[in-house]
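Since the structure of chain A is already known, use the hints to place chain B on it.
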Amino acid sequence: MFIGFYILLSLIIAGAVYFNRNKTVNNCLLYLFAALQCSLCAERFFAADSVQLQFFTNDSIAKLLLIVLSILNITSIFYSLIYLEKRGDPPKVRSMYFAAYVVLIMSISCNYLANHIAIGWIFVELTTLSASVLIYHRKTTRSLEAAWKYVFICSVSVALIFMGILLLGLAVERAKAGDLFYLSMMKSAANFDSLLLKSAFLLIFTGYTVKVGLFPMYTAGIDAKDKAPSPASAILSSSLLNVGFLGIFRMYALISKTNSVSFANAVIIISAVCSLIIAAAYMVRVKSFKRMFAYSSIEHMGIAMLGLAMGGIGYFGALLHVVLHSFIKAAMFYQYGSMFRVIRSKFIKDAGGYFKLNLWGALVFLAGFFMLSAIPPSGLFVSEFLIFMSMFSKGYVWLIFAAGLLLTFIIWSLGINIFRLLFQNPKGNKIDNPETEKISFSETFPQLALLALVVYIGYFPPPFIVGLINNALQLLK
Amino acid sequence: MINILLIIFLATLFVCSAAIRLRTFNKIIAMQGVLLFGIFFFRLNEINIINFILLLLETIIFKSIFIPYFLNYLIKKNKITRETEPYVSNFTSLFIVSAVILTTFFLSNTLQGGIFENIYFVAAVSTLFCGFYLIISRKKIITHVMGFIILENGVVILSLAVGREMPMLVNLGVLLDIFVTVLVLGIFANKIGDVFKEAEVSQLDSLRD
Chain A
1 MFIGFYILLS
11 LIIAGAVYFN
21 RNKTVNNCLL
31 YLFAALQCSL
41 CAERFFAADS
51 VQLQFFTNDS
61 IAKLLLIVLS
71 ILNITSIFYS
81 LIYLEKRGDP
91 PKVRSMYFAA
101 YVVLIMSISC
111 NYLANHIAIG
121 WIFVELTTLS
131 ASVLIYHRKT
141 TRSLEAAWKY
151 VFICSVSVAL
161 IFMGILLLGL
171 AVERAKAGDL
181 FYLSMMKSAA
191 NFDSLLLKSA
201 FLLIFTGYTV
211 KVGLFPMYTA
221 GIDAKDKAPS
231 PASAILSSSL
241 LNVGFLGIFR
251 MYALISKTNS
261 VSFANAVIII
271 SAVCSLIIAA
281 AYMVRVKSFK
291 RMFAYSSIEH
301 MGIAMLGLAM
311 GGIGYFGALL
321 HVVLHSFIKA
331 AMFYQYGSMF
341 RVIRSKFIKD
351 AGGYFKLNLW
361 GALVFLAGFF
371 MLSAIPPSGL
381 FVSEFLIFMS
391 MFSKGYVWLI
401 FAAGLLLTFI
411 IWSLGINIFR
421 LLFQNPKGNK
431 IDNPETEKIS
441 FSETFPQLAL
451 LALVVYIGYF
461 PPPFIVGLIN
471 NALQLLK
Chain B
1 MINILLIIFL
11 ATLFVCSAAI
21 RLRTFNKIIA
31 MQGVLLFGIF
41 FFRLNEINII
51 NFILLLLETI
61 IFKSIFIPYF
71 LNYLIKKNKI
81 TRETEPYVSN
91 FTSLFIVSAV
101 ILTTFFLSNT
111 LQGGIFENIY
121 FVAAVSTLFC
131 GFYLIISRKK
141 IITHVMGFII
151 LENGVVILSL
161 AVGREMPMLV
171 NLGVLLDIFV
181 TVLVLGIFAN
191 KIGDVFKEAE
201 VSQLDSLRD
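Protein sequence lines, in the order shown, are assigned to chains A and B. Residue 320 in the numbering used here sits at position 320 of the first sequence, with consecutive numbering throughout. Residue 55 in the numbering used here sits at position 55 of the second sequence, with consecutive numbering throughout.
By construction, these hints were calculated from the structure, which means they are not laboratory data. In this text, a Cβ means the ideal position worked out from N, Cα and C, and glycines have one as well. A hint or two may mislead.
[Unchecked claim] Here are the simulated distance ranges between beta carbons:
no.: 1; chain 1: A; residue 1: Val-51; chain 2: B; residue 2: Phe-62; range: 30 to 36 Å
no.: 2; chain 1: A; residue 1: Phe-2; chain 2: B; residue 2: Glu-46; range: 54 to 60 Å
no.: 3; chain 1: B; residue 1: Thr-103; chain 2: A; residue 2: Gln-424; range: 52 to 58 Å
no.: 4; chain 1: A; residue 1: Val-51; chain 2: B; residue 2: Tyr-87; range: 48 to 54 Å
no.: 5; chain 1: B; residue 1: Thr-103; chain 2: A; residue 2: Lys-187; range: 32 to 38 Å
no.: 6; chain 1: B; residue 1: Tyr-87; chain 2: A; residue 2: Pro-376; range: 48 to 54 Å
no.: 7; chain 1: B; residue 1: Arg-82; chain 2: A; residue 2: Ser-39; range: 54 to 60 Å
no.: 8; chain 1: A; residue 1: Phe-445; chain 2: B; residue 2: Glu-200; range: 22 to 28 Å
no.: 9; chain 1: B; residue 1: Ile-178; chain 2: A; residue 2: Ser-345; range: 56 to 62 Å
no.: 10; chain 1: B; residue 1: Asp-205; chain 2: A; residue 2: Val-25; range: 51 to 57 Å
no.: 11; chain 1: B; residue 1: Ile-178; chain 2: A; residue 2: Phe-441; range: 48 to 54 Å
no.: 12; chain 1: B; residue 1: Glu-46; chain 2: A; residue 2: Val-51; range: 28 to 34 Å
no.: 13; chain 1: B; residue 1: Lys-79; chain 2: A; residue 2: Val-51; range: 51 to 57 Å
no.: 14; chain 1: B; residue 1: Gln-203; chain 2: A; residue 2: Ile-431; range: 37 to 43 Å
In isolation and in its complexed conformation, chain A is listed as follows (with noise of 0.2 Å):
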């Protein structure tokens, strides 16, 4: 029953924050609702296969994600709390944001370890509403353009999955298999009709393509990543990125059951052939920052669902890509924040002398440039090269040439702009001038931290990581 108590309890914590405007006593709950989340993570990771509220499991796949999201969640609470003092934001917008935050992670969870395919859909609605007001923290009217179009293309989207979801219960029905359980419909998705299968398949994976930031909806996602604040693009762009995944995840798991899987495969490789060209494209002539860490999401997201629509080994490198790439990019965009905060702009034009004017941010960018471009050390190299073996022992070579031409072309802009900002003469006196804000090496230590372990899990994969990879791989077979 502790996810009972911990929904309850980080309801009880939202409301608490949105309503307390002492700053140290939400503060207080803040680190409470981590020390909560970390609590729910080890309960769902330590106690054996089981079922709580009915709807609620706790399988593999969940549980490593939910460790992702854990970690993620108290180096974003840290980052928030920097980020909204250095902006001297007034107590009830503080409030509004943080009590934002806590029902976004806690709706992240719930999405995770739902068992039931329309469960789990209640709360990628949540998401949607939560996220929405992180976006519009600013108040500009840009960020309520990127608020708006968010909430109504996911709002589009959520009802394309929920059709998919009534196509879905519809062979249900006819199969006779009870009820839309993952689990009990894995088990009689042989008896489906394919027909419906695939429809729904097509629907929900096209639903899901905005939280996972995949062609054709991946647009709404970029402007989100771009007006949110950093620390709230950063859980954005990793943990909001794998609901959408584990929602695809979970689809093909039960049609991989069937002889649609063909066709899904299909869908995935065209979707995610899409989503590599449109990152290629926008990022070579991309403005600023945070929208070059936004499509180099879609670009990393389309490599996973490579992996998936691969199958063999490519699905365990699919996995381990979500995980690791989800401490990297949260690391750049922390790392943004602070880059912000020292050059006063996002703009790439405006960018330059970061290692004159932020020594070891600057070495987070350099290592965080040869993480996202899958260049040993990086972890995403491991992954990448299992996924483009899957690749080449299925016979897909022009797809590895395609893929190699496109990822040329990102690593290409991505290394333009890091370096222009680590290497260029800074624009303007900042180097000497008093104003220009200094950060402490304690507030980049968490970024090389996450960093340091995406080499680790890449390099030297702890046991439990592969076991709960492979535990996860067993739905698939």
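Okay, now just chain B, sitting in the frame of chain A:
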């Protein structure tokens, strides 16, 4: 009886594709609410009585009174001009909507019989596509919201196709309806309308690459 209601529902799509005034649009949305009330009433009378009453109340109070009233309030409050301002001529819209309905009709006949009760499929999918079409073919943000509400009606009709066996899904559909509509309308009422005086989509293009 349900068939007649669904056919009238399809006819409303023609009207809204050619509607010039926002007020007409609004009336059609109210009328669709009433039609949905009738369809729910005849279709779902075998389910749990409390649930049944809740669903009926949702369609009659929320869909056919609250939403149109609120939209009207928004139009007056933000002094939105009366025309819907489509990008394409009304004749073309009418033509496209007819084509959509005909296509779904033939599609539902070619799919080997029995997957859906055909009439639900035709009504739901046509409404859905008309909703999408209205969203992309109108300039004002408020007509996007109206298009979205019509799209939601399509989703609700589709949920009725499985409604007798799985009433939980109908409830969820209604939940989606209320939740999202309130959210979208709320943002529009409080923010968009106040900030963007013209409330046209062309105002929303500052975020791009």
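Going back to the hint list, which numbers does this structure go against?
Hints 2, 8, 9, 10 not satisfied by this model.
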